[in-house]
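Protein chains in written order, with full-length UniProt numbering: chain A, 1 to 215; chain B, 1 to 645.
Simulated from the structure, these hints should not be mistaken for laboratory data. As the structure is a computational prediction, the values presented were derived from the model and not from experiment. One or more of the hints may lead you astray.
[What the hints assert, rightly or not] Heads up, incomplete: computed chain B residues facing chain A, CB under 7 Å, no partners named: (1) VAL123; (2) SER161; (3) GLY186.
Beta carbons: idealized from backbone N, C-alpha and C, even for Gly.
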Amino acid sequence: MAQRRISGDRLFITVVYLVAMCRAVPIGDLLDRASQRSDKMHSLSTLLTQEMDSHFPPYGRIPNENAPFDCQPPHYRRPMEKKKSSGKGSGESDLMSLVRSLLQAWVDPLVILSNSAITLPHPAKSSISSKIQELQEHSKSLADGLDILSGKMGPAAQATSSLPYTGGTDLGQDRVTILNKFGFLLSCLRRDSHKIDSFLKVLRCRAVKLQPELC
Amino acid sequence: MMKKVGGVILLWLLLLFSQLAEGKRYSPPGKPTLTSCRSPEKETFTCWWEPGSDGGLPTTHALYYRKENSEMVYECPDYKTAGENSCFFSKNDTSIWVNYNITVVATNALGRTFSDPVDIDVVYIVMPNPPEEVRVSVTQNTDWPFLRVSWEPPKKADTRSGWITLIYEVRIKLENEDEWEVHPAGQQKIFNIFSPRSGGTYQVQVRCKPDHGFWSEWSPSTYVKVPEYFPREKSMWILIVVFSAFIFFIFNWLIYMNIYSLKHCLLPPVPGPKIKGFDKQLKNGKSEDIFSSLVVSDFPPTTSNYEDFLVEYLEVYIPEERELIMEDSKELQDDSLKSENSTCDNDSGRGSCDSHTLLIDKGGGDKEDGLQSDQEGSQAEMDSKRHEEAPEEELLEYSHGNVHSPDISSEKVKSWPSLFSPLPQYGLSPVNQPSPPEMGKQHCLSDSLFTPDALSSYFTQPGPSTKTDFRSNYWECNFNHKQSHPLHPQTAAHEHLQAQNDTIMACVERIGAPLGVHVPNVRPTEYVEVQRVSDENMVLLHPISSGQENTCTMRRQTEDYSRVKTLNNDKGLLLLQRESMEEEMDMCPNEEEGVSRVTSNGYTASITPTSQKSAAGINASLPILDERAASGYVDTTTMFGQPTY
Numbered sequence: 001m002a003q004r005r006i007s008g009d010r011l012f013i014t015v016v017y018l019v020a021m022c023r024a025v026p027i028g029d030l031l032d033r034a035s036q037r038s039d040k041m042h043s044l045s046t047l048l049t050q051e052m053d054s055h056f057p058p059y060g061r062i063p064n065e066n067a068p069f070d071c072q073p074p075h076y077r078r079p080m081e082k083k084k085s086s087g088k089g090s091g092e093s094d095l096m097s098l099v100r101s102l103l104q105a106w107v108d109p110l111v112i113l114s115n116s117a118i119t120l121p122h123p124a125k126s127s128i129s130s131k132i133q134e135l136q137e138h139s140k141s142l143a144d145g146l147d148i149l150s151g152k153m154g155p156a157a158q159a160t161s162s163l164p165y166t167g168g169t170d171l172g173q174d175r176v177t178i179l180n181k182f183g184f185l186l187s188c189l190r191r192d193s194h195k196i197d198s199f200l201k202v203l204r205c206r207a208v209k210l211q212p213e214l215c
Numbered sequence: 001m002m003k004k005v006g007g008v009i010l011l012w013l014l015l016l017f018s019q020l021a022e023g024k025r026y027s028p029p030g031k032p033t034l035t036s037c038r039s040p041e042k043e044t045f046t047c048w049w050e051p052g053s054d055g056g057l058p059t060t061h062a063l064y065y066r067k068e069n070s071e072m073v074y075e076c077p078d079y080k081t082a083g084e085n086s087c088f089f090s091k092n093d094t095s096i097w098v099n100y101n102i103t104v105v106a107t108n109a110l111g112r113t114f115s116d117p118v119d120i121d122v123v124y125i126v127m128p129n130p131p132e133e134v135r136v137s138v139t140q141n142t143d144w145p146f147l148r149v150s151w152e153p154p155k156k157a158d159t160r161s162g163w164i165t166l167i168y169e170v171r172i173k174l175e176n177e178d179e180w181e182v183h184p185a186g187q188q189k190i191f192n193i194f195s196p197r198s199g200g201t202y203q204v205q206v207r208c209k210p211d212h213g214f215w216s217e218w219s220p221s222t223y224v225k226v227p228e229y230f231p232r233e234k235s236m237w238i239l240i241v242v243f244s245a246f247i248f249f250i251f252n253w254l255i256y257m258n259i260y261s262l263k264h265c266l267l268p269p270v271p272g273p274k275i276k277g278f279d280k281q282l283k284n285g286k287s288e289d290i291f292s293s294l295v296v297s298d299f300p301p302t303t304s305n306y307e308d309f310l311v312e313y314l315e316v317y318i319p320e321e322r323e324l325i326m327e328d329s330k331e332l333q334d335d336s337l338k339s340e341n342s343t344c345d346n347d348s349g350r351g352s353c354d355s356h357t358l359l360i361d362k363g364g365g366d367k368e369d370g371l372q373s374d375q376e377g378s379q380a381e382m383d384s385k386r387h388e389e390a391p392e393e394e395l396l397e398y399s400h401g402n403v404h405s406p407d408i409s410s411e412k413v414k415s416w417p418s419l420f421s422p423l424p425q426y427g428l429s430p431v432n433q434p435s436p437p438e439m440g441k442q443h444c445l446s447d448s449l450f451t452p453d454a455l456s457s458y459f460t461q462p463g464p465s466t467k468t469d470f471r472s473n474y475w476e477c478n479f480n481h482k483q484s485h486p487l488h489p490q491t492a493a494h495e496h497l498q499a500q501n502d503t504i505m506a507c508v509e510r511i512g513a514p515l516g517v518h519v520p521n522v523r524p525t526e527y528v529e530v531q532r533v534s535d536e537n538m539v540l541l542h543p544i545s546s547g548q549e550n551t552c553t554m555r556r557q558t559e560d561y562s563r564v565k566t567l568n569n570d571k572g573l574l575l576l577q578r579e580s581m582e583e584e585m586d587m588c589p590n591e592e593e594g595v596s597r598v599t600s601n602g603y604t605a606s607i608t609p610t611s612q613k614s615a616a617g618i619n620a621s622l623p624i625l626d627e628r629a630a631s632g633y634v635d636t637t638t639m640f641g642q643p644t645y
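Only chain B is shown next, with the shape it has when bound in the complex:
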């Protein structure tokens, strides 16, 4: 027993060794694998497998299948049609919508090996053949040819009955390129490819796919040669030329439209000459045109900056005796100049500096002489005025130094001419006013001689002058042209006053120029304007600080107010300075009172303090003037010097 077993074992070992010695090894076949099963038309299908190692022994393979819900196992009916390692299921053997369980078995002498089973349904494994009869043609007889690709479905696929619905895809590339251009074509069998390169050779392929299946293989390539047609480059150049011509025309048109501004930009106009000094002509007073040209365009100026009023804002009409006056005025100017600070602002108009120079040049005359000559004139004017209109006007004047009333008046008078003297040289108005003695004169003082510190406005209302000597002495402010009508000295006094109210207003408004007289106290500059004309022909002035304000409020804001109360002996105006601010409050209601007290003629001593609270100092020695709203500053010295009434 033991020997037999041992013998058998020995035999097997020998066999094994013999096999090893020969270098061969036999084994059962390796496991085959089903690679794919495909149906080209949903009516038949084919399965392919991959055999495993054969184990050194001849192996055979067999395919077995089992249909769904059936235990019957069938073997592949056709191993040959589809080639090696394949099984072809014909139409009779194919059932659709049925699960097939397919297994491949490899058998050799040593054993058999089963592959993994595969479940398939024929309808899900449809992979058609590639499309057939792919044709590509170039459209003829056109300037812009294109390619037309056409094909046919694979023969086996039954698309006619709708059993299979195929979707196509076209791809194209130039012969020597690598990138394909893929175009989905849907269910159509014709496809157009536009804008081929002229002279190029194209390669076209088509493939198809059922609605729920796999893509077919690409059809074999079809080549097409595109003939040379109209070269593209030329067309591009033509486009470029046209476009640039268009741009060029647009550009020219733009330049033409803006030719003037362009000229101005490139060739700026040469500025005209600027006159810094005065010509001899100007001094001689020739050629009104020159003067008119010198007049500032914005005449009359607004109340924005009174310093600008210093020069030629007044259009003054000078009658034939102008020159005489001028000479006189020159002397006076010198006097006034001495007492006045010369303010030659750089910002001021030409006249400011120039007037000073003029005055200085022509100065040197006797002040008294000038005073006399002009005094008469101006005083006469004033007197006449005063006589005529008496308390109507109030002069606010800032005098500097001279206390003597006549002197004051004369000085005041002086100041007028001084103020006026340069004016004719600068701003003769072209308006020709008739110069009858009845003409009312209006003097508006805007003088550069005034210092900014002093705020006073000289306001004189020229009454109709009965003295013919001074016919020419009057200056008119041509703020408006209301003065053109002659007025009788007496009958039309009021009228004249009324008529000139506006001008007065205008004059006063514009005056605003600070007096150049030295001010003992620094006071804020104030401006006066005529508030109204009372019934008794009194002109009420009120200061203007900024625009129109209530006179009462204005007074409160300012400290000093003075007004010309009366003319004193035809000599001058009295200005009283109000000293206390508290009295201002009472001034407003008392205005009327004070005004009313001033009579038209006999106001030489009619300083009636309407309020009890007039300046103490003044009360003592001088008749106190009402501290009505008066714009202007009165030097206390002058007040003291004034004759009492």
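If we strip away everything but chain A, and leave its shape as in the complex, we get:
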């Protein structure tokens, strides 16, 4: 009995020690990994839009009607501009919070895109569908990683804003409408993935003061 307790205590101490060791991984490296993943995501979305436009050029879309909704809620645009214009003086916590919010916001639209891609009236729908699925996986893993990361950055980074998707689950009835909406969503995805990528890279450069060669 006493021996069991001793072994149990030792096990607990070992686990705690390992956790502490894990925490000792520098944030800069974690952010580097996160930015690599976001870079991959953005590349995928860029390819998606290019594939979409190869058969359905943007000028084929009806202007002013391809945006039934904004890519972003208007209230989010300002923080972006403010961050940019202020010379990137905003805190890392804000940036992290923003990134995580964006990632969270795209979970549902990605599901819709994935479901619609299978029956998309587009010649490259299989390729598009596979890329969307890959995007979903990357997004999920990145979100999980950022959850852990933000835990190290403080409570402010943990807060996320909810950005509900208001576009509805149905893309449309006729081919043109469907393609329009699909293309629009892809363009929004591309932009948001670029945002995520940029913010993470800014965060990375801020965190690796000991390794200036990265930035």
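Use these hints to put chain B onto chain A, whose structure you have.
Just chain B now, with coordinates in the frame of chain A:
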């Protein structure tokens, strides 16, 4: 009304014609096109357009843009900063992650023309300036210098904060070459190029690209001169020399290891002389060493090929009276020769041919004389043997022609010496056996005189001879060295027999030589070996065809079997030929019977047919011998000639 209209039309026509006459044509401006919009640092951007035809009239261009989700149309704030036909958007006017819808309008007196609108997002059109301060240096104070290229990011690009992440690329070439060597450098700002050509001048350029954007232009070239260092060619020669020296040593070592085989290959040894005929020395029987050298190494030979036994496979010991015997034997040999076919095989050993020649040379003597002399001896031997061991031994003999029993016996006897005579000349054994009269003699017959057709093995077991005359007449087969012990003629007879059983076996096995006697019937060659020695001192022979086989089966396979039943009046052996094959079957069980009937001494007439089915002919006139497994062939004539018992 009509006049007014007509006047107006006329006026317009005049104007048109006037314009045509002057050669000018005015038209609204052509359609301008937006060529590109670029942002060097993701904070500002510039758009360039290409104007269309101006239509002959001064045209102006204007750029209008509209931001995403807004209906407000703005005109380009700065037409000058970026040069002709450009529009520069400053930081204040630039919004990132916002779609810009840009259109260029060309206006002249006759009209305006709109270009196609272009949607851009600033973050996607980033094309940085080329890297700056590209420096190339050659590392000093080393034997193997290399080039180090270093650069700085473009000033405008804000890489410090991570707003832009740049990836670089370096390219280098010799000054007078055309092909560039491109090296991706990642995000680092230093790059090493190794192994430059000594004394060469290099040209280096660097460019960069944001993570999602366009490549910049190549930086202006930087030149570097590599000083002369340790020439490469010499090092190469040194390597070659070392390598070839190594190969040379290996080669020498290999030769040294194989020097002997090489010698053998290049300078083959001279073969020694081959003796085809016999020297006089050999005939005279001098120098046992020569004879021993003539003995084949694989003595005793195996039962593979009996023809090989024809000559010097026997090591025979000849006592001092050898020469006498030889002379006698020579005569006998002649006799036997006459009756025998000379088989001088090319494959046979030396002795085969030579023995014939010898016999012929020395022949000419009276056969009878030889017979007499040797007969006595050999017969005496045989008699003594027979007396001593009587029915123990069975001689299988193939006689050719002479039916007379004594003659037969004598002939048989003759054959022995004939067989033996050449032997001493060829194969005197160096083994020195004591020659007491008690010594058992063993005669093994392997004679080249035997023809392949005839299969018979002469087997005589020399009994201890009481006659001293023939002391020297015995030959011993030194198959093994068991004979070295002297045996008393009587007491040790059985012993001797036993002792010599092995040798007998050996002798018999080796004999296998076909008799050279003419065979009336062609029979397959057979070989005999002593099967066993019965209790009554009878030696049972059985034929050997291929290895050891059951005697019964052997008999079945062969047609004729004969065995020496008895010695007849000390004259010779009786061989009976079995005529019927069916009787063979009965022979096996009857073997013992037949053997047992032969007594040791009084078997002069003890031909007892164990089976009822002996040869008819033989039964009539001759005592029938059992058709026991006997290897050998008996001429029926001889049988008939034999005295009945």
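Earlier hints that do not hold, by number: When the structure is compared with the hints, only number 3 turns out to be violated.
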